[in-house]
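*Asks:* Here is what each chain is made of, one letter per residue.
Number of protein chains: 2
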Amino acid sequence: MNRRIGKQTVKLETKPVIIETASIAGVKEGEGPLRDTFDKILEDDSLGEKSWELSESTLQRITMRLALDKAKLEQSDVNYILAGDLLNQCIGAHYSVRDFDIPFFGLYGACSTMTESLSIGSMLVDGGFAEKVMCLTSSHFCSSEKQFRTPLEYGGQRAPSAQWTVTGAGCAVLSSKGDGPKITHVTTGKVIDKGVTDITNMGAAMAPAAIDTLTAHFSDTGRTPDDYDLILTGDLGVIGSDILVELMKDEGYDIEYKHKDCGKMIFDIEKQDVHAGGSGCGCCGSVFCGYVYRELKRRNLKRILVMATGALMNTMIVYQGESIPAIAHAVAIEC
Amino acid sequence: MNRRIGKQTVKLETKPVIIETASIAGVKEGEGPLRDTFDKILEDDSLGEKSWELSESTLQRITMRLALDKAKLEQSDVNYILAGDLLNQCIGAHYSVRDFDIPFFGLYGACSTMTESLSIGSMLVDGGFAEKVMCLTSSHFCSSEKQFRTPLEYGGQRAPSAQWTVTGAGCAVLSSKGDGPKITHVTTGKVIDKGVTDITNMGAAMAPAAIDTLTAHFSDTGRTPDDYDLILTGDLGVIGSDILVELMKDEGYDIEYKHKDCGKMIFDIEKQDVHAGGSGCGCCGSVFCGYVYRELKRRNLKRILVMATGALMNTMIVYQGESIPAIAHAVAIEC
Numbered sequence: 001m002n003r004r005i006g007k008q009t010v011k012l013e014t015k016p017v018i019i020e021t022a023s024i025a026g027v028k029e030g031e032g033p034l035r036d037t038f039d040k041i042l043e044d045d046s047l048g049e050k051s052w053e054l055s056e057s058t059l060q061r062i063t064m065r066l067a068l069d070k071a072k073l074e075q076s077d078v079n080y081i082l083a084g085d086l087l088n089q090c091i092g093a094h095y096s097v098r099d100f101d102i103p104f105f106g107l108y109g110a111c112s113t114m115t116e117s118l119s120i121g122s123m124l125v126d127g128g129f130a131e132k133v134m135c136l137t138s139s140h141f142c143s144s145e146k147q148f149r150t151p152l153e154y155g156g157q158r159a160p161s162a163q164w165t166v167t168g169a170g171c172a173v174l175s176s177k178g179d180g181p182k183i184t185h186v187t188t189g190k191v192i193d194k195g196v197t198d199i200t201n202m203g204a205a206m207a208p209a210a211i212d213t214l215t216a217h218f219s220d221t222g223r224t225p226d227d228y229d230l231i232l233t234g235d236l237g238v239i240g241s242d243i244l245v246e247l248m249k250d251e252g253y254d255i256e257y258k259h260k261d262c263g264k265m266i267f268d269i270e271k272q273d274v275h276a277g278g279s280g281c282g283c284c285g286s287v288f289c290g291y292v293y294r295e296l297k298r299r300n301l302k303r304i305l306v307m308a309t310g311a312l313m314n315t316m317i318v319y320q321g322e323s324i325p326a327i328a329h330a331v332a333i334e335c
Numbered sequence: 001m002n003r004r005i006g007k008q009t010v011k012l013e014t015k016p017v018i019i020e021t022a023s024i025a026g027v028k029e030g031e032g033p034l035r036d037t038f039d040k041i042l043e044d045d046s047l048g049e050k051s052w053e054l055s056e057s058t059l060q061r062i063t064m065r066l067a068l069d070k071a072k073l074e075q076s077d078v079n080y081i082l083a084g085d086l087l088n089q090c091i092g093a094h095y096s097v098r099d100f101d102i103p104f105f106g107l108y109g110a111c112s113t114m115t116e117s118l119s120i121g122s123m124l125v126d127g128g129f130a131e132k133v134m135c136l137t138s139s140h141f142c143s144s145e146k147q148f149r150t151p152l153e154y155g156g157q158r159a160p161s162a163q164w165t166v167t168g169a170g171c172a173v174l175s176s177k178g179d180g181p182k183i184t185h186v187t188t189g190k191v192i193d194k195g196v197t198d199i200t201n202m203g204a205a206m207a208p209a210a211i212d213t214l215t216a217h218f219s220d221t222g223r224t225p226d227d228y229d230l231i232l233t234g235d236l237g238v239i240g241s242d243i244l245v246e247l248m249k250d251e252g253y254d255i256e257y258k259h260k261d262c263g264k265m266i267f268d269i270e271k272q273d274v275h276a277g278g279s280g281c282g283c284c285g286s287v288f289c290g291y292v293y294r295e296l297k298r299r300n301l302k303r304i305l306v307m308a309t310g311a312l313m314n315t316m317i318v319y320q321g322e323s324i325p326a327i328a329h330a331v332a333i334e335c
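As you go down the protein sequences, you meet chains A and B in turn. Take 1 as the starting number for the first sequence in the numbering used here and just add one per residue. Take 1 as the starting number for the second sequence in the numbering used here and just add one per residue.
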């Protein structure tokens, strides 16, 4: 059966169900506006580990365990884990998943990982390859600063356009059966590079990818912003969100009153001194699996498009003068 | 339709076809025993680029272009690229794919990436989500040494158990229609960590994952080594291959006369001074998409199991004293 309905979009015939989620946030995130929507807020971002890499890995592990518990599933019920993160060679995922007896596919989509995993996961369920799939991602402020920027102890000054990597994780459990919000469409992004070289302005680097995927989604499905209660981006932040909304108008779509961005939602931008907002795989991960999933379950949201964006550079290649490619993957979800 | 036939295996109903491949190898690899089976051998491993990261990215780009040319496809014919590599944040893939107007999913499976991409790609085709998928990976000796070990100029002494990262790339084009070898089964690995901490002995770290996936494949399918003309591993090398063959006997399977390893095939181990053999995503990539695919097309091989293995650590976490988790993904292919 051909499930393709456009150049970048497939329609899922069986509408895989998101039967449960787990969302865990760090200390600072737990002081933000969404504090009441996480399943758990860390008391100590180190999680008792001796390195930030192990802290992030442990964060993924406890998020996955919580998702299994909430869904009342045994490990043997789950056919695949799809996971990734920002750390070199995705060790956040690998060092957590080694404690689970579940087949695993590792993904790298930078901050787009939450929707990359929902995209592939929902296709595996829809195609009859899996009954249950877990989609998992995380980020950690301290491991990201250490790896991508400067050691925390250095106390580097942050540019006004910089975003604050969220300490948080999200895990969604997809199922061929059950109750809950359903994934109906998957629109897969292309790698887009518009020449932005400023690594302290990820929002500007990622916005063109978001525009490309969102335009493709509307074109492929025949839908418009009016068809959605919410168009949620992952971590474009203040600057990237403005670019997206403004340039989508040039494409003929006014999304201003439908668009929200997890990076703007998770922090009180002014009071929490996070400059252009939150970022990181765990930003979309914890906000989608926390606040947004709850609103879907309560039917305050009935049909949404979730589109996480990722910047696909590493530090070395940017120091060599290359620009920053980005990607955005979108999934449509309805109750 | 439920396609699952065991805890880790799915059977593909439509048997997606590998309609074409492209295989490119570096200078040293082009002097090895498989020299006549690559589509192209580099004259200069730098490919004219100013950094090894860009060299590897360009290697992926020309391999993908060659695969499109050989398959007589336009970019618009291809629904997805699935690609990844060993570089931090998979920049080998991202900086090549940005030049293609094709939806992209980034994978991280370390040296298991070739079969991870064939696994997910064949399921996307079998499920009706794609008509054509390109599965791509690479590795590069110089970018890997720089990132994982020491700068080339340092001239570090290599341990006898160390493997030599292959400069090479492979790209396979999967299709819902057409002639060629067909993918019939996908067995997905779990992350296995048996406590090996020696980063100069990847074969030993990866062999337990290979044993786990191979045993699951036989158990799930009811097949035995007798059902295959070849059981091909990715880059276990000399040491890992010995461990695999020996310990599979304890599991009740004698694979000694069916097993070959790309890391042992691509180099003349003694004459080319590569210690325990070749490694890297491009090892399985270039050998499978070169020599092995040709043998399948000529029907010298009729039914094979291809299982690439990956070591999932990064340098930082090993310096912290953690052991090395690994994974192996297998696909069964027949003419």
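It should be emphasised that the hints constitute simulated quantities derived from the structure, not laboratory data. All figures in this text were calculated on a predicted structure; none of them were measured in a lab. It is possible that some hints are incorrect.
Which stretches of chain B does chain A cover? Using the computed rule of at least three CB atoms under 8 Å from a CB of chain A, they are [claimed, not checked]: (1) 22-33; (2) 46-56; (3) 76-85; (4) 104-113; (5) 261-270.
DSS-like, lysine-lysine: derived pairs with alpha carbons at most 25 Å apart [claimed, not checked]: (6) K40/A x K70/A; (7) K11/A x K11/B; (8) K7/B x K7/A; (9) K258/B x K297/B; (10) K15/A x K194/B; (11) K15/A x K50/A; (12) K11/B x K258/B; (13) K70/A x K182/A; (14) K302/A x K182/A; (15) K7/A x K249/A; (16) K258/A x K302/A; (17) K72/A x K72/B; (18) K50/A x K194/B; (19) K177/B x K11/A; (20) K194/A x K15/B; (21) K15/A x K182/B; (22) K11/A x K15/B; (23) K70/A x K7/B; (24) K182/A x K258/A; (25) K177/A x K7/B; (26) K258/B x K7/A; (27) K7/A x K15/B; (28) K194/A x K11/A; (29) K70/B x K7/A; (30) K177/A x K11/B; (31) K70/B x K15/A; (32) K146/A x K146/B; (33) K50/B x K182/B.
We put the CB at the ideal spot given by N, CA and C, even for glycine.
*Asks:* All the hints need checking, so say for each whether the structure fits it.
*Replies:* These are the hints, each one checked on the structure:
{"no.": "1", "hint": "22-33", "in the structure": "violated (count 0)"}
{"no.": "2", "hint": "46-56", "in the structure": "holds (count 4)"}
{"no.": "3", "hint": "76-85", "in the structure": "holds (count 4)"}
{"no.": "4", "hint": "104-113", "in the structure": "holds (count 7)"}
{"no.": "5", "hint": "261-270", "in the structure": "violated (count 0)"}
{"no.": "6", "hint": "K40/A x K70/A", "in the structure": "holds (12 Å)"}
{"no.": "7", "hint": "K11/A x K11/B", "in the structure": "holds (23 Å)"}
{"no.": "8", "hint": "K7/B x K7/A", "in the structure": "violated (34 Å)"}
{"no.": "9", "hint": "K258/B x K297/B", "in the structure": "holds (19 Å)"}
{"no.": "10", "hint": "K15/A x K194/B", "in the structure": "violated (39 Å)"}
{"no.": "11", "hint": "K15/A x K50/A", "in the structure": "violated (42 Å)"}
{"no.": "12", "hint": "K11/B x K258/B", "in the structure": "holds (22 Å)"}
{"no.": "13", "hint": "K70/A x K182/A", "in the structure": "holds (18 Å)"}
{"no.": "14", "hint": "K302/A x K182/A", "in the structure": "holds (10 Å)"}
{"no.": "15", "hint": "K7/A x K249/A", "in the structure": "holds (22 Å)"}
{"no.": "16", "hint": "K258/A x K302/A", "in the structure": "holds (13 Å)"}
{"no.": "17", "hint": "K72/A x K72/B", "in the structure": "violated (50 Å)"}
{"no.": "18", "hint": "K50/A x K194/B", "in the structure": "holds (21 Å)"}
{"no.": "19", "hint": "K177/B x K11/A", "in the structure": "holds (21 Å)"}
{"no.": "20", "hint": "K194/A x K15/B", "in the structure": "violated (39 Å)"}
{"no.": "21", "hint": "K15/A x K182/B", "in the structure": "violated (28 Å)"}
{"no.": "22", "hint": "K11/A x K15/B", "in the structure": "holds (22 Å)"}
{"no.": "23", "hint": "K70/A x K7/B", "in the structure": "holds (23 Å)"}
{"no.": "24", "hint": "K182/A x K258/A", "in the structure": "holds (20 Å)"}
{"no.": "25", "hint": "K177/A x K7/B", "in the structure": "holds (18 Å)"}
{"no.": "26", "hint": "K258/B x K7/A", "in the structure": "violated (42 Å)"}
{"no.": "27", "hint": "K7/A x K15/B", "in the structure": "holds (23 Å)"}
{"no.": "28", "hint": "K194/A x K11/A", "in the structure": "violated (29 Å)"}
{"no.": "29", "hint": "K70/B x K7/A", "in the structure": "holds (23 Å)"}
{"no.": "30", "hint": "K177/A x K11/B", "in the structure": "holds (21 Å)"}
{"no.": "31", "hint": "K70/B x K15/A", "in the structure": "violated (37 Å)"}
{"no.": "32", "hint": "K146/A x K146/B", "in the structure": "holds (20 Å)"}
{"no.": "33", "hint": "K50/B x K182/B", "in the structure": "violated (40 Å)"}
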